[in-house]
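Protein chains: 2
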Amino acid sequence: MLLVRRLLGDVLRATRLRQGRTLREVSASARVSLGYLSEVERGQKEASSELLSSICSALDVPLSEVLHEVADQLQVEETLAAIELTAPAEPARGPLHVTNVAA
Amino acid sequence: MLLVRRLLGDVLRATRLRQGRTLREVSASARVSLGYLSEVERGQKEASSELLSSICSALDVPLSEVLHEVADQLQVEETLAAIELTAPAEPARGPLHVTNVAA
Chain H
129 MLLVRRLLGD
139 VLRATRLRQG
149 RTLREVSASA
159 RVSLGYLSEV
169 ERGQKEASSE
179 LLSSICSALD
189 VPLSEVLHEV
199 ADQLQVEETL
209 AAIELTAPAE
219 PARGPLHVTN
229 VAA
Chain F
129 MLLVRRLLGD
139 VLRATRLRQG
149 RTLREVSASA
159 RVSLGYLSEV
169 ERGQKEASSE
179 LLSSICSALD
189 VPLSEVLHEV
199 ADQLQVEETL
209 AAIELTAPAE
219 PARGPLHVTN
229 VAA
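If you're matching them up, the sequences are chains H and F in order.
Just so you know, we're using the working numbering here: the first sequence kicks off at 129 and counts up by one.
Just so you know, we're using the working numbering here: the second sequence kicks off at 129 and counts up by one.
Hints were generated in silico from the structure; no laboratory data involved.
Note that this is a predicted model, so its numbers are computed, not measured.
Don't take each hint at face value.
[What the hints assert, rightly or not] A few chain H residues that face chain F, going by a derived Cβ cut-off under 8 Å, partial list only: (1) S176; (2) S177; (3) L179; (4) L213.
[What the hints assert, rightly or not] Short derived list, chain F residues pointing at chain H, Cβ under 7 Å: (5) V132; (6) E174; (7) S176; (8) L179; (9) L191; (10) S192; (11) A199; (12) E206.
Glycine included, C-beta positions come from ideal geometry on N, C-alpha and C.
Let the sequences and hints guide you as you build the complete structure.
Now the structure itself:
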């Protein structure tokens, strides 16, 4: 299943790393614990709307921009998943005939 | 504060109403309780990534489309908020001179 929190975490971490900032700096600025921010970035914890706003403010990036990026990535994954579902299966192979060369 | 869960709830409810479906139908199809879906639609509860996926599947709408719509609306609200912050204050008025016409 495509999880929004995983994509959201990826986008938040990529944004922070582009700015060359540490988890410690951003968590202090956003007034969230370092452990919480780390879990959000790894897609292990859902960020509440309030904390998501705080994190985006701390990163000085509009929340709408982060959500657009998440939606764009999700759209790519949804498209890939749809292609996989509609792609023809591997060509059927007949039973494997093993020739015993030692016989 | 602009809350993602409020905008998300608005988009989910609008999508359901466009389809002419009831809370009961969609909640049963998404396997979430009617009360939970109702709270999510009213922006009172955060939807977990898993339940958001289920609700979008039940509405037969890609999650990326819902997120794009939320991000678009958020962007409009962010822009309006920025305009309000930068707009010049009301023109300063001098002290009010009252002429006593009865004098």
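Outcome of the hint check:
Because the smallest distance between the Cβ of H:S176 and any Cβ of chain F comes to about 6 Å, under 8 Å, the interface hint for this residue holds. Checking H:S177 against chain F by beta carbon gives a least distance of about 4 Å; that is within 8 Å, so the hint holds. For the restraint placing H:L179 at the interface with chain F, the shortest Cβ-Cβ distance is roughly 10 Å, beyond the 8 Å limit, so the hint is violated. Taking 8 Å as the C-beta contact cut-off toward chain F, the hint placing H:L213 at the interface is violated, the least distance being around 13 Å.
At a threshold of 7 Å, the smallest CB-CB gap from F:V132 to chain H is about 4 Å, leaving the interface hint in force. The interface hint given for F:E174 holds, since its Cβ lies 6 Å from the closest Cβ of chain H, which is under the 7 Å cut-off. The interface hint given for F:S176 is met, as the beta carbon of that residue sits about 6 Å from the closest beta carbon of chain H, less than 7 Å. Here the hint on F:L179 is broken, as its CB sits about 10 Å from the closest CB of chain H, past 7 Å.
Because the closest C-beta pair between F:L191 and chain H is about 6 Å apart, less than 7 Å, the hint holds. The closest approach between the C-beta of F:S192 and any C-beta of chain H is roughly 4 Å, which is under the 7 Å cut-off, so the hint is satisfied. Satisfaction of the interface hint for F:A199 is found here, the shortest Cβ-Cβ separation to chain H being roughly 4 Å, below the 7 Å cut-off. At about 5 Å, the closest approach between the beta carbon of F:E206 and any beta carbon in chain H falls short of 7 Å, and the interface hint on this residue holds.
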